[in-house]
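Trainee: Each chain, written out:
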Amino acid sequence: MREVVLRLKNIVKEFPTSKKNKKVHAVSDISLDIYENETLALVGESGCGKSTLGKCAIGLISPDKGESIFLGENIYNKSGNELKEIKKNLQIIFQDPYASLNPRMTVGEIIAEPLITHEKRLSKAQVKEKVLELMEDVGIRKEYYNRYPHQFSGGQRQRIGIARAIALNPKLIVCDEPVSALDVSIQSQVLNLLKDIQEKKRASYLFISHDLSVVNFIADRVCVMFLGKVCEIGDTDDIFEKPLHPYTRLLLDAIPSIENAGKQKEILKGDIPSPIDVPTGCRFHTRCPYCSEICRTKEPDLRQANGRYVACHIVK
Amino acid sequence: MDNILTIRDLKVAFQVRGRDAYALDGINIDIPKGKIVGIVGESGCGKSMTAMSIMGLIKSPGRIVGGSIDFCGNELTKMGIREYANIRGKDISMIFQEPMTSLNPVVKVGKQVMEAIILHEHISKAEAKQRVIEIFNEVGIPEAEKRFNSYPHELSGGLRQRVMIGMAMICKPKLLIADEPTTALDVTIEAQILRLMKRLCEESGTSIMMITHNMGVVAEICDYVYVMYAGRVVESAPTKILFNETAHPYTSGLLKSIPTIGKKQKRLYTIKGNVPNILNLPKGCRFADRCDLTQNICLSDRPKDDYITDSHMVSCFLHKRIEDERSCIKIKKYS
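From first to last, the protein sequence lines are chains W and X. Just so you know, we're using the working numbering here: the first sequence kicks off at 1 and counts up by one. Just so you know, we're using the working numbering here: the second sequence kicks off at 1001 and counts up by one.
Check before you lean on any hint, since a few could be wrong.
Lysine-lysine pairs mimicking BS3-like chemistry, simulated, CA-CA at most 25 Å apart [claimed, not checked]:
| hint | chain 1 | residue 1 | chain 2 | residue 2 |
| --- | --- | --- | --- | --- |
| 1 | X | K1266 | W | K195 |
| 2 | W | K269 | X | K1266 |
| 3 | W | K263 | X | K1172 |
| 4 | X | K1240 | X | K1033 |
| 5 | X | K1033 | W | K242 |
Per the computed footprint, the stretches of chain X lying under chain W, defined by three or more beta-carbons under 8 Å from a beta-carbon of chain W, are [what the hints assert, rightly or not]:
| hint | region |
| --- | --- |
| 6 | 1005 to 1019 |
| 7 | 1078 to 1086 |
| 8 | 1165 to 1175 |
| 9 | 1205 to 1216 |
| 10 | 1249 to 1257 |
Source of the hints: derived by calculation from the structure; they are not laboratory data. Please read all numbers here as calculations on a predicted model, not as lab measurements. Note that beta-carbon positions come from the ideal geometry of N, C-alpha and C, so glycine has one too.
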């Protein structure tokens, strides 16, 4: 059995709204394990809580309930130097490479920052040497050391963000929609780079994306989310070949693709329900074509079925 | 076939530091009546600029410097502001990527849609309201009468886009330009909107110019595709032919770099390098420095638009049609 790098236990996160008794149920009781050197993808539509969960995992926001256990220790109970030591190992790459790099810092300074914060023993020259090494790793030419973010294209900026995230050799990197702001030809470059880096640095990725074809390429396991709940978790191949949860199946069906063009397909009716007034019972029942009585009243538990976990009353 | 829109050798330039930078450099596009035509390419290739030229919305320092846009016998490039106002919103309408920013946040959506019809048709307010509710029903807005009085922020992204489509379709335009209409939407909602657009196109005979970067969307609903790169159309063909008999190395590179579901790929194909800067374009083929099959001629000469079959155009030296035999030969076979 592979080692668990990060274990999320019963994470609940709710955000207040302007109305006193109403809350946005962003993440409702989710437990996940992320193993060593694997890529676990979180997929789902906007507002399903994937980014919130990703940020909870590395302690960027603290959940209302639950634990995030990194190598045996709950990160929410830690503070000061202990927390700093843990956070070295938990990094993040953001979606928008235009917003996530400080426009007034040079590339060299941006990539050096985590090193300066966490590796105080390094001399200036050593930091620079390390930065140049990282730039080479992500395919940014060394001559650009003194350039500013605006002098780079979107794809190059995302490479800089990646270099910053891997600077401390973290155990886990949360990739929050890292390629969705990029053009296809650049997207494939960045995806290949992420794969290479994982091989080299042996990090785990929590890969958040709404693009299932990207997930199919990069992920070892997939966790499908709907309105703050997990619908289905399993190996990528299993899920893509034979989705069990009706939502997973309809999500896969909905992707416009060259292979399936023109095929008659079932289209999910209706909109995503509001995360403020979540439906009773199974949260997906308002859109589900197989909805039965029990689905309206009883929330399904995540249980094992065919070598993976599914939360659905219908799936046997 | 009847074309409602014919673009010939259109050139749009921007004055940058005293020089002309060509955002569009001699493009030819035909849009047949009642068909959906896709324009695909990456950011900055000129897709949106093409739409803006048709709508007459190119802003200074940009300007149309050459070519023609013929819309049902009217030459749009020479049209005055007043004449244009009669066409825009009536015969040609447009929907945009982000429905939130294209709707007025402080006006009820029903009223906004009514505006379009009152402006172009002389009908009473009551009649106009009736028409709006009809079109809301048609584009699949539930409880249309109630939604008439909603503000944009009260609607979901999918519903807002339906309102935009309703607004665009209410005067039964001949041409609908859709600029990335589903990019900001979730996949399940995207599928709904694409189906809606296809249905409207079939029912009303409206032609749609679908601007997108998503090849899946093209495959799903377009009849005909134009692939653009750095201000030029590099390949155009009926959708099936474009995907099955891809001729231009850029098109095939683009197709290969998309991860495919149901196929285990160790690595993705990548097109090396970046899109060239329009201020500093290569002398020969604009794709030459990223192409795997570059020959000497690609670096020195500009490829012409060659029709390798009657409906399949490709602008690449790898392909040549021999006129008298009316058949195409590929100078060099590649995969």
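Trainee: Hints numbered earlier in the text: which of these fail when held up against the supplied structure?
Mentor: When the structure is compared with the hints, numbers 2, 3, 5, 6, 7, 8 turn out to be violated.
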